[in-house]
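Trainee: Keeping their order, the protein sequence lines are chains W and F.
When the letters of the first sequence are read in order and numbered with the working numbering, they come out as residues 1 to 127.
When the letters of the second sequence are read in order and numbered with the working numbering, they come out as residues 128 to 254.
Hints may contain errors.
Unchecked claim - Computed list of lysine to aspartate or glutamate pairs in EDC-like fashion (alpha-carbon distance at most 16 Å, straight line): (1) K82/W with E161/F; (2) K175/F with D142/F; (3) K178/F with E212/F; (4) K82/W with D205/F; (5) K178/F with D205/F; (6) K175/F with E161/F; (7) K82/W with E212/F; (8) K48/W with D20/W; (9) K209/F with E85/W; (10) K51/W with D15/W; (11) K51/W with D20/W; (12) K209/F with D20/W; (13) K175/F with D147/F; (14) K48/W with D64/W; (15) K48/W with D15/W; (16) K51/W with E73/W; (17) K209/F with D78/W.
No lab work stands behind these hints, which were simulated from the structure alone.
There are 2 protein chains.
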Amino acid sequence: MAADQLSRVLSALADPTRRDMVARLAVADATVLELAQPYDVTVQAVSKHLKVLEDAGLVSRSRDAQRRPVHLEAEVFDLMTKWIERYRRLAENRYRRLDEVLRAMPDEVVKPDRPDDRKEKHDHQHQ
Amino acid sequence: MAADQLSRVLSALADPTRRDMVARLAVADATVLELAQPYDVTVQAVSKHLKVLEDAGLVSRSRDAQRRPVHLEAEVFDLMTKWIERYRRLAENRYRRLDEVLRAMPDEVVKPDRPDDRKEKHDHQHQ
DNA sequence: CGTCAATTCAACCGACTGGTTGAACACGGA
DNA sequence: TCCGTGTTCAACCAGTCGGTTGAATTGACG
Numbered sequence: 001m002a003a004d005q006l007s008r009v010l011s012a013l014a015d016p017t018r019r020d021m022v023a024r025l026a027v028a029d030a031t032v033l034e035l036a037q038p039y040d041v042t043v044q045a046v047s048k049h050l051k052v053l054e055d056a057g058l059v060s061r062s063r064d065a066q067r068r069p070v071h072l073e074a075e076v077f078d079l080m081t082k083w084i085e086r087y088r089r090l091a092e093n094r095y096r097r098l099d100e101v102l103r104a105m106p107d108e109v110v111k112p113d114r115p116d117d118r119k120e121k122h123d124h125q126h127q
Numbered sequence: 128m129a130a131d132q133l134s135r136v137l138s139a140l141a142d143p144t145r146r147d148m149v150a151r152l153a154v155a156d157a158t159v160l161e162l163a164q165p166y167d168v169t170v171q172a173v174s175k176h177l178k179v180l181e182d183a184g185l186v187s188r189s190r191d192a193q194r195r196p197v198h199l200e201a202e203v204f205d206l207m208t209k210w211i212e213r214y215r216r217l218a219e220n221r222y223r224r225l226d227e228v229l230r231a232m233p234d235e236v237v238k239p240d241r242p243d244d245r246k247e248k249h250d251h252q253h254q
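Using the sequences and the hints given, assemble the complete structure.
Mentor: Laid out in structure tokens, this is it:
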């Protein structure tokens, strides 16, 4: 489940603690211990959170002796931005567009909108 | 858990099926049955998905006889966009900034970077 | 070498999730 | 009024998630 990258990114950021970590990592790299400091959970829990962020491609870890500084990867944010922008714009345009269409056409043409190409369960992965 | 709106929105969109529903709703409103058509799950499952999207404020339902047309709410997308944009920019700027700093200063000044103000567990809710 | 600090691995636990089936509810139409 | 269609409610199940504790790993340093 949640196999694709976008799903992993969104799921990773759905957790407030992880979002806060990202916020702090946007300011400066940090080690696991440093990141764990403010939270009322064990270091192991934070380590797990970091694994989730890393699997999503949101952070990377380098090696500095026994420390593993965590670094935020900004590029992945574009994945989200693209997806969001696409459908936000569509939804906003539709507002106007559909209003016009409804005014111009009889219901039968507009409403059904769901022909037989939906019958055979298609891939439905809009990218 | 995931109490706040942003968490609910991200968590809702972390599911590919729900993301696909949103994509289709960006094109046109639809009923539960219509939405369920392409997927290989029961109508009840789709109804649950819609509840998640509704709780996140991503869709709304009106009443049309026994049908409950689902409508995409575009405004909520801004919540995400704002959060993402903030930290994306920060992370990108830091790239340049830190590079300069590292070039200009000896390691000892740059590295420690984490004074005692992290000791007392602060609120850490960056908004 | 032995020790200490930072991190991760492993096993476990309770809560939530996405799915199911089956029953109930809400309306419009014959 | 009864029937059919669309939708939701309820209970259940398997798997995932965020958290724990305890042990193992890794590498610097005396």
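Trainee: Please go over all the hints and tell whether each is borne out by the structure.
Mentor: Consistency of the hints with the structure:
1. K82/W with E161/F: violated, 27 Å
2. K175/F with D142/F: holds, 12 Å
3. K178/F with E212/F: violated, 28 Å
4. K82/W with D205/F: Given that 16 Å is the threshold and the Cα spacing comes to 13 Å, the pair holds.
5. K178/F with D205/F: violated, 20 Å
6. K175/F with E161/F: Given that 16 Å is the threshold and the Cα spacing comes to 15 Å, the pair holds.
7. K82/W with E212/F: holds, 12 Å
8. K48/W with D20/W: Holds, at about 15 Å.
9. K209/F with E85/W: holds, 12 Å
10. K51/W with D15/W: holds, 13 Å
11. K51/W with D20/W: The given pair, whose Cα atoms are some 15 Å apart, holds under the 16 Å limit.
12. K209/F with D20/W: Given that 16 Å is the threshold and the Cα spacing comes to 15 Å, the pair holds.
13. K175/F with D147/F: Judged against 16 Å, a Cα distance of about 15 Å means the pair holds.
14. K48/W with D64/W: violated, 20 Å
15. K48/W with D15/W: holds, 12 Å
16. K51/W with E73/W: holds, 14 Å
17. K209/F with D78/W: holds, 13 Å
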